[in-house]
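Put chain V on the given structure of chain R with help from the hints.
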Amino acid sequence: MSVTVRVPTTLRTLTGGESEVSVEGETVGAVLTALDGAHPGFKDKLFDDDGNLRRFVNVFVADDDVRFLDGLDTSVPDGETLSIIPAVAGG
Amino acid sequence: MTRPSSLRCRACGEVRATASVQYCEECFGPLDLVPGPPGATGDELRARIEAGPPSMWRYAPLLPVPAPPGAESVGWTPLRPAPALGGAVGVADLWLKDESANPAGSFKDRVVAAALGRALEDGRRVAACASTGNLAHAVAGGARRAGMGAVVLVPAALPGDDRAAIAAAGATVVPVEAGYDAVNRLAVEASMVGETERWAWVNVGLRPWYVEGSATVAHEIAEQLGWRVPDAVVAPMASGAFALALHRAFVDLAAVGLVPAGPPPALWVAQPAGCAPVAAAFAAGADDVAPVRPDTAAPSLAMGDPPDGPEVLAAARASTGGVVAVPEHEIAPAQRRLAELEGVAAEPAGGVVVGATARIAAAGRLPAGATVVACITGGAHDRWVPDPGAPDRAGQGPGRVTGTIPPTVSALSAEVAGGPTVAPEEPNR
Chain R
1 MSVTVRVPTT LRTLTGGESE VSVEGETVGA VLTALDGAHP GFKDKLFDDD
51 GNLRRFVNVF VADDDVRFLD GLDTSVPDGE TLSIIPAVAG G
Chain V
1 MTRPSSLRCR ACGEVRATAS VQYCEECFGP LDLVPGPPGA TGDELRARIE
51 AGPPSMWRYA PLLPVPAPPG AESVGWTPLR PAPALGGAVG VADLWLKDES
101 ANPAGSFKDR VVAAALGRAL EDGRRVAACA STGNLAHAVA GGARRAGMGA
151 VVLVPAALPG DDRAAIAAAG ATVVPVEAGY DAVNRLAVEA SMVGETERWA
201 WVNVGLRPWY VEGSATVAHE IAEQLGWRVP DAVVAPMASG AFALALHRAF
251 VDLAAVGLVP AGPPPALWVA QPAGCAPVAA AFAAGADDVA PVRPDTAAPS
301 LAMGDPPDGP EVLAAARAST GGVVAVPEHE IAPAQRRLAE LEGVAAEPAG
351 GVVVGATARI AAAGRLPAGA TVVACITGGA HDRWVPDPGA PDRAGQGPGR
401 VTGTIPPTVS ALSAEVAGGP TVAPEEPNR
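Protein chains in written order, with the working numbering: chain R, 1 to 91; chain V, 1 to 429.
Note that these hints are calculated values from the structure, not bench results. Mixed in with the good hints there might be a few duds.
With a straight-line cut-off of 16 Å between C-alpha atoms, the simulated EDC-like cross-links for lysine to aspartate or glutamate are [to be verified]:
(1) R:Lys43 - V:Glu26
(2) R:Lys45 - V:Asp252
(3) R:Lys43 - V:Glu25
(4) R:Lys45 - V:Glu50
(5) R:Lys45 - V:Glu311
Output of the computed footprint for chain R on chain V, the stretches with three or more beta carbons under 8 Å from beta carbons of chain R [as the list claims (entries may be wrong)]:
(6) 26–36
(7) 220–230
Just a sample of chain R residues kept apart from chain V, beta carbon distances all over 10 Å, derived [to be verified]:
(8) Pro8
(9) Thr9
(10) Gly16
(11) Gly25
(12) Thr27
(13) Thr33
(14) Asp36
(15) Thr74
(16) Asp78
(17) Ser83
(18) Pro86
(19) Ala87
In this text, a Cβ means the ideal position worked out from N, Cα and C, and glycines have one as well.
Chain R on its own, in the form it takes in the complex (with noise of 0.2 Å):
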């Protein structure tokens, strides 16, 4: 069960650089707890004191937004791609 997650400019210095990485998981919470294991720092970046995620860091497997689905309990199919995304663009 491998998932890419592409990975934002300015959290690359915890992937050495490297803008997709491999995890394993099968939801949106144990892919980025996997992520944290393999690159540690992801969960002090992405999630806020009470374990959610921060505001304005946005999940997306494959095209959606993870807040219209099962947030951290969304799965992630064998294959697929999550994205990390600041929330910034529109105006």
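Just chain V now, with coordinates in the frame of chain R:
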């Protein structure tokens, strides 16, 4: 001399000197520009402004960005008295801030001018955005006048005539095989990597400067009313950046002594019912905004997850205004009423603003005799004659429509690599 400023993270409050940063490196929060003191205040500042050009750049002493070339025609739009419409909706002293008078027909000309001023200062040569409407035209035209290249990402479903219209102003139009949200996401990703990172993504990496262009709408309203603020403003909302910029600018105007000390206008924000996440939060007394999937007749307001939602809510409450949802079936009649009674041809967002103004008045939320300014942010858009051959006419200008690409940064880079986007031969001036 531009106004000194710094950037502050909206979420965690971290402050940094202005630089080419996209968002807070600590918590992903967007960065807000915090203006420092202008070079003058009160009467001296007023005199400098009044001696300035008839454009948004008369407010240069208040702005943290320099003017780009070719922006002399942007702004200083009419503040039109609207007695007939006011009589019809029950507002005795109603005015329309008519942004359709800008070169590309909307307030987006202002924000693009501010963003491009910053971009050139930062050595960027290609303006870029994802848009299907007002912003696309403003970027294409603004970049052309500034002697920059322009790239506009559009959903592949956008009709060919619309693509051609954007290309006609000099932009490279890139159709993306994806919906509008995913195209916007591609813009964010492209702004963070490789060749496309050096482009001036006007409403992504340049957003802190971009929004300052909207502040000039508030500056003009105050000056056109004889250096006073109205009792209430009604503004449409997509991302919320426009409404928020107005509110902050009105507060700033009093702080620098350009208008008498006092509270800012009541901020009334209008959303179409088919995309009204902030109005829903306002009605529920909530501080957070739950995203929605837009389904509205006002395409320029179809942003279901508005980045500035909570800040707009707070500003509306603090100023004793509010956020209003206008039923979809009221939008077209209100748009028509605006044209019939005042001769102003607005895009559907104008109908949303007029509909909201009528609802606020009918609910008794405006004091008797209140001066109310309704912001008509864009003009009607059915002006282009279909021209099926236009997209294929290579070599007549820098604009073109590329092949359709999948929504990936690598496909975008490959499609525009070494293309005509980077250097139009001469500024069109």
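Structure-based check of all given hints:
Between the alpha carbons of Lys43 (chain R) and Glu26 (chain V) the distance comes to roughly 12 Å, so the proposed pair stays at or under 16 Å and holds. The suggested pairing of Lys45 (chain R) with Asp252 (chain V) is violated, with an alpha-carbon distance near 33 Å, which exceeds 16 Å. For the proposed pair Lys43 (chain R) and Glu25 (chain V), the alpha carbon gap of about 14 Å is at most 16 Å, so the pair holds. At roughly 47 Å between alpha-carbon atoms, Lys45 (chain R) and Glu50 (chain V) are farther apart than 16 Å, so this suggested pair is violated.
In summary, the hint linking Lys45 (chain R) to Glu311 (chain V) is not supported, as the alpha carbons are separated by about 22 Å, beyond the 16 Å threshold. Counting residues of the region 26–36 of chain V whose beta carbon lies closer than 8 Å to any beta carbon of chain R gives 5, which reaches the threshold of three, so the coverage claim holds. Figure legend: the region 220–230 of chain V, annotated as covered by chain R; annotation inconsistent (0 residues with Cβ-Cβ distances under 8 Å, at least 3 required). Non-interface call for Pro8 (chain R) relative to chain V: violated, since the shortest CB-CB distance, roughly 6 Å, does not exceed 10 Å.
Annotated as non-interface, Thr9 (chain R) brings its C-beta within 10 Å of a C-beta of chain V; the closest such distance is 4 Å. At roughly 16 Å from the closest C-beta of chain V, the C-beta of Gly16 (chain R) stays outside 10 Å, upholding its exclusion from the interface. Every C-beta of chain V lies more than 10 Å from that of Gly25 (chain R), the closest at about 21 Å, which supports listing it as non-interface. The beta carbon of Thr27 (chain R) is kept farther than 10 Å from every beta carbon of chain V, the shortest such distance being approximately 20 Å.
With a minimum CB-CB distance of about 18 Å to chain V, Thr33 (chain R) clears the 10 Å threshold, and the non-interface call stands. Distance check on Asp36 (chain R): its Cβ is at least 16 Å (rounded) from any Cβ of chain V, clearing the 10 Å threshold; non-interface status holds. Distance check for Thr74 (chain R) against chain V: the nearest CB is about 15 Å away, which clears 10 Å, and the non-interface claim stands. For Asp78 (chain R), the shortest C-beta to C-beta distance to chain V comes to about 20 Å, beyond the 10 Å cut-off, and the non-interface label holds.
The non-interface label for Ser83 (chain R) is inconsistent with chain V: the shortest C-beta to C-beta separation is roughly 7 Å, within 10 Å. Distance check for Pro86 (chain R) against chain V: the nearest CB is about 5 Å away, which does not clear 10 Å, and the non-interface claim fails. With a cut of 10 Å on Cβ distances, Ala87 (chain R) falls inside the contact zone with chain V, its closest approach being about 6 Å.
Checked against the numbered hints given earlier, this structure breaks hints 2, 4, 5, 7, 8, 9, 17, 18 and 19; the rest are met.
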